[in-house]
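Asker: Each chain, written out:
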Amino acid sequence: MGIETAGAAAVPRRSQRRFKQVREVIDALRHGTRRNTRRLAAKREVKQLSDWKDQVEVMVHHGKISVPYSWTVGSTLSKWYVLMRDKGEIWANRCPSCGKVYVPPKIKCNDCYKDMNDWVKLPGTGILESYTVVHYSEPVIQPQEPPIIYGLVKMDGADTAMVHLMGEVEPEQLMVGMRVEAVMSEEREANIFDIRYFRPSAGGEA
Amino acid sequence: MGKRVGIIGVGQTHHAAKRLDASGVELIAEAVTRALDDAQLTIKDIDAVVIGNMDHFENINYVDMWAADGLGSCMKPVFKVTTGGTTGTTVGACGYYHAASGLFDVVMAVGWEKNSESDTQAAISTCANPTLERDSFAGAIGPLATEYSMYMKAYGATEEDAARVAARDRNNACNNPFAHIRQHVTVEEVLASPMLSYPIKFLDMCPRSDGACAVIFAVEEKAKRLCPRPAWVHCSVVRHDYTHFGDLEWTWMPTLERATAEAYRLAGIHDPLKELDVCELYLPASTCGVKWMDSCWFCEKGGAPELIRKGTFEMDGELPINPSGGVISCNPIGATALIRVGEAAWQIMGRAGDRQVEGAKKAMATGFGGCSWSDVFILGADLP
Ligand SMILES: [Zn+2]
Numbered sequence: 130m131g132i133e134t135a136g137a138a139a140v141p142r143r144s145q146r147r148f149k150q151v152r153e154v155i156d157a158l159r160h161g162t163r164r165n166t167r168r169l170a171a172k173r174e175v176k177q178l179s180d181w182k183d184q185v186e187v188m189v190h191h192g193k194i195s196v197p198y199s200w201t202v203g204s205t206l207s208k209w210y211v212l213m214r215d216k217g218e219i220w221a222n223r224c225p226s227c228g229k230v231y232v233p234p235k236i237k238c239n240d241c242y243k244d245m246n247d248w249v250k251l252p253g254t255g256i257l258e259s260y261t262v263v264h265y266s267e268p269v270i271q272p273q274e275p276p277i278i279y280g281l282v283k284m285d286g287a288d289t290a291m292v293h294l295m296g297e298v299e300p301e302q303l304m305v306g307m308r309v310e311a312v313m314s315e316e317r318e319a320n321i322f323d324i325r326y327f328r329p330s331a332g333g334e335a
Numbered sequence: 003m004g005k006r007v008g009i010i011g012v013g014q015t016h017h018a019a020k021r022l023d024a025s026g027v028e029l030i031a032e033a034v035t036r037a038l039d040d041a042q043l044t045i046k047d048i049d050a051v052v053i054g055n056m057d058h059f060e061n062i063n064y065v066d067m068w069a070a071d072g073l074g075s076c077m078k079p080v081f082k083v084t085t086g087g088t089t090g091t092t093v094g095a096c097g098y099y100h101a102a103s104g105l106f107d108v109v110m111a112v113g114w115e116k117n118s119e120s121d122t123q124a125a126i127s128t129c130a131n132p133t134l135e136r137d138s139f140a141g142a143i144g145p146l147a148t149e150y151s152m153y154m155k156a157y158g159a160t161e162e163d164a165a166r167v168a169a170r171d172r173n174n175a176c177n178n179p180f181a182h183i184r185q186h187v188t189v190e191e192v193l194a195s196p197m198l199s200y201p202i203k204f205l206d207m208c209p210r211s212d213g214a215c216a217v218i219f220a221v222e223e224k225a226k227r228l229c230p231r232p233a234w235v236h237c238s239v240v241r242h243d244y245t246h247f248g249d250l251e252w253t254w255m256p257t258l259e260r261a262t263a264e265a266y267r268l269a270g271i272h273d274p275l276k277e278l279d280v281c282e283l284y285l286p287a288s289t290c291g292v293k294w295m296d297s298c299w300f301c302e303k304g305g306a307p308e309l310i311r312k313g314t315f316e317m318d319g320e321l322p323i324n325p326s327g328g329v330i331s332c333n334p335i336g337a338t339a340l341i342r343v344g345e346a347a348w349q350i351m352g353r354a355g356d357r358q359v360e361g362a363k364k365a366m367a368t369g370f371g372g373c374s375w376s377d378v379f380i381l382g383a384d385l386p
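Chains A and B, in that order, are what the protein sequence lines are. Numbering of the first sequence is given in the working numbering, commencing with residue 130 and proceeding in unit increments. Numbering of the second sequence is given in the working numbering, commencing with residue 3 and proceeding in unit increments.
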């Protein structure tokens, strides 16, 4: 449409005629009619197509498929969760090749692709590497009402940090680098909330 | 024409209805570790990784990220490809294309599925147009039943012909330690099993499985150095279409017909029944093992029942099909088609154990998915 008006006003008559032919071909192609269809037929087709779309009552179809999912935790993480549930302890695993200690545990070392058969118990203390205070509400994914504090905790004895919630602390008391400790839940069910949250611990800033 | 490429290693999990001991990532790690062992490589030898599974089956986005430790893909180029049932052959095709391009020497293709984690029939129905065909033609069994029904009417094929295919594949699976279902059955038992959707009965249909498969492709110079007997890729052909179910050709399989025709042309095969030594075909139901034989050019249209009644595709027949037990014995969907490629490669490499077809020098593997898509690999003991 834009091409048509701008072009028609600016170009000489012979070019205008040529332009009209080109436009008709484009219109015909756009609406699925063949190049060799007679011009009149093409015009009639275009008119009909533009008419019917204005008068359609548009529908929305509501699906019924709702797939329930359940995830096999796997041997590696099952071991980790069961140790938390039964003993209230946080463990990590260590690469036999490069010695890197992962928490949560890994199936294979990222760097060496070795089986992770060395398990080490962590003291449950560490430092807060970073954090944020979440104010928005996403009921489907959040475990509790906001505000929620997401923390990135590097535990003593591990080479990787793990993410969890911070508790027993006001947002303004938080400091990057502060020492924190895991608080285990009273009733544990072998999932990530067997660690209730991390809280500031004695020793202050690392 | 790209560089010449050989398969130098194959690994697969022990498949089962529910692998409670292993998460999806652990299944992937099991297959990858076994493929590396098979090729006698370490993860450092792998230059690029291709992975795929079915959308919606595990509610996992970004398997290429989430499975990185099991996949061994940290700090490597990794690509996710997903094309429904053909995913396995498509990740295989992408592995091959990457190596054939000359840009990567050794490429690992991985397919996996944890079917036990959701409702397979509901998830698979999301492949159909949601506003038109999902409610009225849902699931995988009904459409396959409809197509065989038409084939029966057109050519006089019978339920018993399909049952013969079911018994063949299920009995072959007893020779495959990796197969999910390993159970001897008779033709009569297949015919007597519960009707799912006429004419497909319970023992005609594939199961849903947990499992993974990894196949390692290497460019010619590397393959020759690393492997005593690579399975050389003679061609990889992909033919997909999109239609509404009602637009499909129901008495033969156009995508399979086109894909195999192109594959035979590329591989220089004129009489596939004579020139191929073994096939691993993605047959989601035994009925496909009748009807689709026409579309593989093993016979004229309608000729398949006669070949099946003659035992042409049995282990001791002219062209053994599915020594592994095929898809009706084992079906971790995103891995299923790659298992066909891996099993065909093992046949060429002479590593197929109790299911080995002696002296197999040329093998065909196929993938099936979508409605109705076909991928074809032809592998050979000799350089293409
Ligand atoms: Zn390591």
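No lab work stands behind these hints: they were computed from the structure. Take these hints with a grain of salt, some might be off.
What the hints assert, rightly or not - Dumping the calculated BS3-like pairs for lysine-lysine here, alpha-carbon to alpha-carbon at most 30 Å: (1) B:K20 / A:K243; (2) B:K46 / B:K78; (3) A:K243 / B:K226; (4) A:K243 / B:K224; (5) B:K226 / A:K229.
Asker: Decide, hint by hint, whether the structure agrees.
Answerer: Status of each hint after checking the structure:
no.	hint	result
1	B:K20 / A:K243	26 Å, holds
2	B:K46 / B:K78	10 Å, holds
3	A:K243 / B:K226	27 Å, holds
4	A:K243 / B:K224	24 Å, holds
5	B:K226 / A:K229	36 Å, violated
The structure shown violates just one earlier hint, number 5.
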